[in-house]
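Peer 1: Using the sequences plus the hints, can you model the full thing?
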Amino acid sequence: MSPQGVFPSILTHSNADDSTRPFWDAAKENRLVAPRCTNCGTFRLPPPPFCFVCQHRDVEWVDLPGTGTVYSFTVVRHPLARMLHDAVPYAAGIVELDGTQGAGARMIVNIIDCDVETLAIGDAVEIVWEHVNDDMSVPRFRPRST
Amino acid sequence: MTIKDQAAVVGVGATPYYKRGQSYPESELSMACTAILGALDDAGLTIADLDGFAIYSYSCDPAEVASVLGVPEVRFAASLTSGGGGCAGALGLAAAAIHGGMAEVCVTLMTLQQLHKRLGGSEVDGVLAYATMSEGGNPYGGGSGLPPSAAFTANAGLLSPGHSFSVLTQRHMHLYGTKREHFAEVAISQRDNAIKRPTSLQKQPLTVDEYFAARMISDPLCLFDYTQETDGAVAVITTSAARARDLRQPPVYIAASANGGTGRWGPAIFRYFQAPDDEFASSGHRPVAKRLFEMARMTPADVDVALLYDHFSPLVIMQLEDYGFCPIGEGGPFVAEGNIRYGTGTIPVNTHGGNLSEAYIIGMTHVREAVEQMRGTAVNQVEGAEVALVTGGPAALPVSGTLLARSAS
Numbered sequence: 029m030s031p032q033g034v035f036p037s038i039l040t041h042s043n044a045d046d047s048t049r050p051f052w053d054a055a056k057e058n059r060l061v062a063p064r065c066t067n068c069g070t071f072r073l074p075p076p077p078f079c080f081v082c083q084h085r086d087v088e089w090v091d092l093p094g095t096g097t098v099y100s101f102t103v104v105r106h107p108l109a110r111m112l113h114d115a116v117p118y119a120a121g122i123v124e125l126d127g128t129q130g131a132g133a134r135m136i137v138n139i140i141d142c143d144v145e146t147l148a149i150g151d152a153v154e155i156v157w158e159h160v161n162d163d164m165s166v167p168r169f170r171p172r173s174t
Numbered sequence: 012m013t014i015k016d017q018a019a020v021v022g023v024g025a026t027p028y029y030k031r032g033q034s035y036p037e038s039e040l041s042m043a044c045t046a047i048l049g050a051l052d053d054a055g056l057t058i059a060d061l062d063g064f065a066i067y068s069y070s071c072d073p074a075e076v077a078s079v080l081g082v083p084e085v086r087f088a089a090s091l092t093s094g095g096g097g098c099a100g101a102l103g104l105a106a107a108a109i110h111g112g113m114a115e116v117c118v119t120l121m122t123l124q125q126l127h128k129r130l131g132g133s134e135v136d137g138v139l140a141y142a143t144m145s146e147g148g149n150p151y152g153g154g155s156g157l158p159p160s161a162a163f164t165a166n167a168g169l170l171s172p173g174h175s176f177s178v179l180t181q182r183h184m185h186l187y188g189t190k191r192e193h194f195a196e197v198a199i200s201q202r203d204n205a206i207k208r209p210t211s212l213q214k215q216p217l218t219v220d221e222y223f224a225a226r227m228i229s230d231p232l233c234l235f236d237y238t239q240e241t242d243g244a245v246a247v248i249t250t251s252a253a254r255a256r257d258l259r260q261p262p263v264y265i266a267a268s269a270n271g272g273t274g275r276w277g278p279a280i281f282r283y284f285q286a287p288d289d290e291f292a293s294s295g296h297r298p299v300a301k302r303l304f305e306m307a308r309m310t311p312a313d314v315d316v317a318l319l320y321d322h323f324s325p326l327v328i329m330q331l332e333d334y335g336f337c338p339i340g341e342g343g344p345f346v347a348e349g350n351i352r353y354g355t356g357t358i359p360v361n362t363h364g365g366n367l368s369e370a371y372i373i374g375m376t377h378v379r380e381a382v383e384q385m386r387g388t389a390v391n392q393v394e395g396a397e398v399a400l401v402t403g404g405p406a407a408l409p410v411s412g413t414l415l416a417r418s419a420s
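Top to bottom, those sequences are chains A and B. Here the numbering used here is used: the first residue of the first sequence is 29, the next is one more, and so on. Here the numbering used here is used: the first residue of the second sequence is 12, the next is one more, and so on.
Do not rely on the hints blindly, as some may be mistaken.
If you want the ones that stay clear, here's a sample from chain B, every Cβ over 12 Å from chain A, calculated [claimed, not checked]:
no. : residue
1   : A74
2   : R86
3   : D288
4   : E290
5   : E383
Simulated restraints on C-beta separations [to be verified]:
no. : chain 1 : residue 1 : chain 2 : residue 2 : range
6   : A       : H113      : B       : R256      : 55 to 65 Å
7   : B       : E221      : A       : P77       : 46 to 56 Å
8   : A       : H113      : B       : G387      : 47 to 57 Å
9   : B       : G354      : A       : V34       : 43 to 53 Å
Hints are computed from structural coordinates only; laboratory data are not their basis. Backbone N, C-alpha and C define an ideal beta-carbon position, used for all residues, glycine too.
Peer 2: Following this line, the structure appears as structure tokens:
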């Protein structure tokens, strides 16, 4: 059972391939990295094999600060399964990552340690890693402490 | 050269509509066959005339249906990709096949039984099936063979289409000031339409107080913003405009049909959420609407009744914007002013009650209602209606729209 507000990590393996492995390798060290197109500089997540702007393939992996803002979200109140009875209500939504260009590098995440009744678009958030196992650490975000 | 007015819908057939699971002991196959035979009979045709399947969301296996019903020869069998977004567009697929000389009489259908499965996954399959439902082409989800991208989304807690569209809706509210009162007007106006219909599964009036007293499912959507979950089958028959004029029913012409969406919309709503800001808080229909009206050589002012896919009430508002019935961002006030009401509004919407209050057969109830409106036989008939808009989606690409007309221009 998951504590209230925390969506349990139901996928416990990264199923990584060459295009996503650097992300999960860095995650094990609690580092947020994202692939940037070496040709046009566009960030793209989840990492696809081609750049959606210039169709080039090569990327460089860039360390990001792990902060961002809430782009949009929902508060899930109805548990879709018994295993979620204790987790609801929880917040889930989209974070725009500082250090990227906006659309193209948003992340879909569980937003924890927040008051779901007052959470708002534009709120500043920071990453917090949940160590699931030796293969996978899962990114979540929480309101920035400052 | 386009398909404009080259083909017409000539027959409609359906099973009763059932609450989820209650169509048993019928099956999806048996209901599909019942609807197809009913639609052929309505047109004055027989199974010997049927030679094409123009479907969406892989609604049936044409091989199986043709075998069971003894179709003499199938000459065309194709599906629009993705899910319910293709329902209206499948009529365009039929028209294209017919106009291109590949088939003469096409069926478009949906059959749905949510007994052992639910759209979007089920608790039986595990929560992971919900979370990864869009990772394959199968709208029922499935947890095997996940692509590497799944690890970026599965643990976030967005498990269903409703969760995803809640996130989209929240952004629309943020950008434009859209309110829950506006969603209530969609739900209540459609319930009013459904009450008078024998086919409706929801016949009790819905008040504003009841709407706001309902439990929240996923903010900002409450129970009444969500579609029902139902069973049943609906089929329609399309043939050439020339042949249609000799059949039992007055032809309902396909004035235009379009499907698709921008690449960045793509699977966005279920998976990546990476559309640009001006497109994110939309129904994804804007490019489809543009092509649709161009093909028909019409404008939104020519549309007399709109059957807009309503899996979630806010998406009706966003489609009103994207099809040009009101400016972008003004859909909320537009519905609040009474514009979508049957009998008094400027553009009556979902006169059959829609997915929210009649039944949810993944868009085909909207097609059925559009045809009945053009025949002049609808329960909530819009007086003098000459043109109907019917849409499919928003969902993953393709979304679609079709304009049906009482007469060819």
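Peer 1: It remains to establish, for every hint, whether it holds in the given structure.
Peer 2: Status of the hints after comparison with the structure:
1. A74: 33 Å, holds
2. R86: 37 Å, holds
3. D288: 7 Å, violated
4. E290: 9 Å, violated
5. E383: Non-interface label stands for B/E383: nearest chain A Cβ at 35 Å, farther than 12 Å.
6. A/H113 to B/R256: 55 to 65 Å: 60 Å, holds
7. B/E221 to A/P77: 46 to 56 Å: Holds, at about 50 Å.
8. A/H113 to B/G387: 47 to 57 Å: 51 Å, holds
9. B/G354 to A/V34: 43 to 53 Å: Distance hint for B/G354, A/V34 holds at roughly 49 Å.
Figure legend: structure checked against the earlier numbered hints; hints not met, in rising order: 3, 4.
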